[in-house]
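Order-wise, the sequence lines are chains C and P.
Quick note: the first sequence uses this note's numbering, first residue 65, plus one each step.
Quick note: the second sequence uses this note's numbering, first residue 216, plus one each step.
Since the hints were derived computationally from the structure, they do not count as laboratory data.
It is possible that some hints are incorrect.
[What the hints assert, rightly or not] With a cut-off of at most 30 Å between alpha-carbon atoms, the simulated DSS-like pairs for lysine-lysine come out as follows:
1) P/LYS530 with C/LYS323
2) C/LYS283 with C/LYS348
3) C/LYS323 with P/LYS291
4) C/LYS327 with P/LYS320
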Amino acid sequence: MPKALAGIRVLDLTQYEAGPSCTQMLAWLGADVVKIEPPAGEPGRTALSDQRGEDAWFFLLLNSGKKGVTLNLKSPRGRAMFERLVTTADVLVENMGPGAMDRLGLGWETLRRLNPRLIAASVKGFGGGGPYADYKSFEWIAQAMAGAMSMTGAPDGPPTKAIGGLADTGAGLHTAIGILAALVQRQATGVGQQVEVAQQDAVVNLLRIHLRDTYATGKPVPRQGNRSVNAAPSNIYRCRPFGPNDYVFVHCATVEMWKTLTKIVGRPELGDDPGYADRRDRVKYIDAIDDMIEAWTEKRTKQEALEILAGAGVPCGAVLDSTEVLSDPHLRARGMIVELEHPRRGRYPMPANPVRLSDSPTEMVRAPLLGEHNAEVYGALGYGEAELDALRRDGVI
Amino acid sequence: AMADRALTGMRILDLTQFEAGTTCTQFLGWLGADVIKIEPPGGEQSRRNRPEVPGLDAMFFLVFNANKRSVTLDLKHPDGRALFLRMAERADVVVENFAPGLMEKLGLDYERLRTVNPRLIMARIKGFGLSGPYHEYKSFDMIAQATGGVMSVTGFEDREPVRCGAAIGDTGTGIHTAAAIMAAYIQRQRTGQGQLVEVAMQEVVANLVRGRFVDHYRDGRPSRRRGNEITGGVPGGAYPCAPGGLNDYAYIYVQTMNQDMWRAFVAAIGREDLVADPRCADARTRWEHRDALNDIIAAWTRTRTKHEVMAALGKAGVPCGAVLDTGELLDDPHLNARGQVHTIDHATRGRLRLPACPVRLSASEAPTTPPPLAGEHTAEVLGEVLGLSARDVAELRARGLLG
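Just chain C, same shape as in the assembly:
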């Protein structure tokens, strides 16, 4: 099968989410990703597990398509093996705490000396330079420090964290972009370079749109719950049977969408009323409009409302919970949710690659067991069976 990144080898020193999401994307695009873990496994595999001794679901969601090897980077022999791997690699990715790579003696200058073609990518909380460089970060810290939390939540409630991996997977994808660009540049220059992404920067990039009101008013963007200050209707509406996620989101941008909606909910006269033609003008009547729509949605399930509204060209989304996402007929039909088989966890649904290339189909392969590919990867470096046994016994792998 053709692959966009065939022949690109990635050494993956990542842990938890921000790094693994990057290397998982590279694996989906066809790179040979070798995940290097300490002999006990990376913390995302072990510490976050719901069952002692079993790989965490968290790990399985973020490490598909990779090979897994174990290696003790702190032992001299492990270090020597790692240096040999570096000479075979195109890319190295890490998201350790600030300064950890330097403490391991694996700073950029060392890596570059070992392999001048190497692209070394780092995901950091706040990035090098600047007053927060040494501060620790993780998802919610970066959301707080990038403005995301200030604009999420109800107007009368506190700042609220958004439960998507904005800073983790978001930064991971930004890093993948940096790596791909560096690979393109290397084809012209023949040499590698450093790629750095700070989580705070990545989240700022994801919300730059909302800065526009600050430019205009000089004031912070307020929390608006699900409503918009610029458009009505733009909100969630309750549906049967009134469970915690039985809602649809409806947003009318154009006058055509508004006309269609008013016909569907039985108020066509409002669709023809010039006072209601502009979405901004409709904000004046926001409460009455929201009541009108909810009176209609309350008689239907969110799936029924979705089919009728979206089918008629009105932008509408059912608020799907995580279980419904994994079983959504559209995502299943498109192969975005696939079933994988794990030797210890059994069959499980897995969100696949959201990026489709017509000539580089994504193969979904479950995450590796701890050290599953030790023999294969180290064998290719020339280590025999007996040597590997000795390395295992001595805790090097």
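Based on these hints, arrange chain P on the given structure of chain C.
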């Protein structure tokens, strides 16, 4: 220098509008690609999306269209489409995020473009993709958030689902698309062939939220909304700070498995006595006594500003983030020290601060250049790409093809 950038030599015809597509091409522009934004006469719609100053380009447009050149061209006119196809012969990438079916209606789908240039990479961004039961449905950022699962887990348990403030459905999709385009470009260097790239906003959101599907696997139940709390974490949440304004909070989290971090935390807040407190023996007992302990923590944070809290805890190695609003963001000393907030001089809007390229490559500088005026580079680009003379361009303009 231009030659020193990662994507130097990549020519992109940018048909994008609003956000999901424009963020993709802006990113590729930062990385060195030659991005030619092709707009209808009068300019792309988002130039007029709530303009703060009537008649001038809206901030909406300005935050997404740096590092591009602008050409106006009427694609509804057959001769305009013919001109576009001639440009496509000389391009590497075409990106579009029109409503479902529009490119087909214009006769500019991938099959057509491929016949004029087999090396072309065409990237198509759609709300629900090009196939499947929802593929004709329209989408926006919040529609993608609803159907991608993020809204169901954001907000407080006793309240309704809440939209995530950051535009993960739109800009998130642009980022995924940029990655795919570069992968296809790398593949083309081996195969000589272009290909079709497709990204659906619903799927992008599901990808960003995959880490929160854990509850489903564990219990077979939907993941719940949990407000700001982190189950098992004390401290773990947004704590109120002085002077008590809408965004005067600091988010603090001490990793449950890290007892050293807890000791560093209590030392930083001057409560070393808590080390010996039986309620604080480990993360589990802290969680059992979370109400009392969170009160103690909040009593400390309330007497300090969020910046003081962050400085004290950040230096102690405890993860802590001040909840910055959008104004504070543009003023943030760290972002400014790193050049992440960049000041440009715009022809009509004057000096503006824009967030810069969020990815740093040591050998590819990413300056932020001002977003172009509509059609600013029409004559320059048509001359450079198609060899048209000033007279040719004037003639096209007279025929109304360029606006």
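Right, here's what the structure says about each hint:
1. For the hint linking P/LYS530 to C/LYS323, the alpha-carbon distance of about 57 Å lies beyond 30 Å, and the restraint is violated.
2. Taken as a hint, the C/LYS283 and C/LYS348 pair is honoured in the structure, with Cα atoms around 22 Å apart against an allowance of 30 Å.
3. Under the criterion of a C-alpha separation no larger than 30 Å, the hint pairing C/LYS323 with P/LYS291 is consistent with the structure, at around 26 Å.
4. For the suggested pair C/LYS327 and P/LYS320, the alpha carbons sit about 27 Å apart, so the restraint of at most 30 Å is met.
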